[in-house]
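Residue numbers (our numbering), protein chains in the order written: chain Y, 1 to 114; chain B, 1 to 118.
Keep in mind that the hints were calculated from the coordinates and are not lab data.
No experiment lies behind these values; they were computed from the predicted model shown.
Each hint should be verified, as a subset may be incorrect.
Here are a few chain B residues that face chain Y, going by a calculated C-beta distance under 10 Å [what the hints assert, rightly or not]:
# : residue
1 : Ser9
2 : Trp10
3 : Cys13
4 : Arg24
5 : Phe28
6 : Gln29
7 : Thr32
8 : Leu46
9 : Ser111
Derived coverage of chain Y by chain B (criterion: at least 3 residues anywhere in the stretch with Cβ under 8 Å from a Cβ of chain B; other residues may be distant) [said to hold, decoys possible]:
#  : region
10 : 23 to 33
11 : 36 to 48
Where is the CB? At the ideal position from N, CA and C, for every residue including glycine.
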Amino acid sequence: GENVEQHPSTLSVQEGDSAVIKCTYSDSASNYFPWYKQELGKGPQLIIDIRSNVGEKKDQRIAVTLNKTAKHFSLHITETQPEDSAVYFCAASIDSSNTGKLIFGQGTTLQVKP
Amino acid sequence: GAVVSQHPSWVICKSGTSVKIECRSLDFQATTMFWYRQFPKQSLMLMATSNEGSKATYEQGVEKDKFLINHASLTLSTLTVTSAHPEDSSFYICSARDTGTVGSYGYTFGSGTRLTVV
Chain Y
1 GENVEQHPST
11 LSVQEGDSAV
21 IKCTYSDSAS
31 NYFPWYKQEL
41 GKGPQLIIDI
51 RSNVGEKKDQ
61 RIAVTLNKTA
71 KHFSLHITET
81 QPEDSAVYFC
91 AASIDSSNTG
101 KLIFGQGTTL
111 QVKP
Chain B
1 GAVVSQHPSW
11 VICKSGTSVK
21 IECRSLDFQA
31 TTMFWYRQFP
41 KQSLMLMATS
51 NEGSKATYEQ
61 GVEKDKFLIN
71 HASLTLSTLT
81 VTSAHPEDSS
91 FYICSARDTG
101 TVGSYGYTFG
111 SGTRLTVV
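The following block holds chain B by itself, in its conformation from the complex (with noise of 0.2 Å):
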């Protein structure tokens, strides 16, 4: 089935720098991508959605140059937290669909990588 690789699983970063996590699709085209956010016992939120050599679309609320996402090749998406603070802390998990093949619906998910900002 499909598969998408996430990195790192975790990361310890101190305040001010700049962290950035990975999504790859193993076995298929990334055609989409999302990335979410999710604090401790709540559920995911959007932060934003990104089409292969698109810039990303983000929503309401979320920070644009604080969260740099790339989405250059069809098997993998960057997330850039910069200028992370202790605030930017949290579980952020990608997800890949390939919308252009036809009949191809799933979202595949990435494992998340849990950001520490100290």
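Next up, chain Y with everything else stripped away, as it sits in the complex (with noise of 0.2 Å):
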């Protein structure tokens, strides 16, 4: 099955740095890469996601590219602020007419120092 291998575990930047975050994945199949952005307690919120058929995909301050010869896909945030901070996971699936479960990394534990 889909295996979603994500780093760093924790990144500590400075306000209005950049924080990249890193996966790949092990099934090539995938074609369905999504990034949540979760608080203590709560459930995982969509911040961005990307398609097989798109190399990049940028949201303001966030992007996601995407590299499927390398099964490799990065999170990438620009001129981060204290709000940010949170636990990120980027996950995979197969989208599909069937169930497409989807498949998270362990997850990386961002701090954006004032």
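Fit the two chains together into the complex; they arrive one by one in their own frames, and the hints show the way.
Here it is in structure tokens:
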């Protein structure tokens, strides 16, 4: 089955700096790659996603890149702010008309220092 | 946007009792529901997948007789932890998809349920 590896496990940056989180996946059939932000005691919130027919997607300060050949994708957060501090998870799934179960990476705890 | 309401948000129960967690899709049809378990400082681990009207498919290592999943309608799925023990204490999260609508790909997550077994 699918396996998703995420690095780093913790990341500390100064406010205003950029943060990059990287993930690799094992199943070449995976075609949907979302990123989630999870705050303590809450469910994950989708922040951006990308499909395998696209190499890059951007939404204001957040961007995601995908390299299908290498089977890795990355989250880029620019101009970080203290409220960006949270746990971030990458995930992968085979998006089809069937269930398309979502497999998560291990998570990255991002700390943005004021 | 799509919303999944999960209840209760937290529950404390005695060892040996059963606890039911509900997830409702409020504005879409949850044709597929996923149940995850998350231990402190760890990732979300998929427990099972269920399609409306069908039996759930459990991931390897998850006891189907202990974690009963019912997905009898397009808007409601329940997870019942039977004969709960302290090691079942965890954060349980549901996620729903509308796989029956063309172009609808998103996974909508509930807010999670903190289960503490004493």
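How the hints compare with the structure:
{"no.": "1", "hint": "Ser9", "verdict": "holds (8 Å)"}
{"no.": "2", "hint": "Trp10", "verdict": "holds (9 Å)"}
{"no.": "3", "hint": "Cys13", "verdict": "violated (18 Å)"}
{"no.": "4", "hint": "Arg24", "verdict": "violated (14 Å)"}
{"no.": "5", "hint": "Phe28", "verdict": "violated (15 Å)"}
{"no.": "6", "hint": "Gln29", "verdict": "violated (14 Å)"}
{"no.": "7", "hint": "Thr32", "verdict": "holds (5 Å)"}
{"no.": "8", "hint": "Leu46", "verdict": "holds (6 Å)"}
{"no.": "9", "hint": "Ser111", "verdict": "holds (5 Å)"}
{"no.": "10", "hint": "23 to 33", "verdict": "violated (count 1)"}
{"no.": "11", "hint": "36 to 48", "verdict": "holds (count 7)"}
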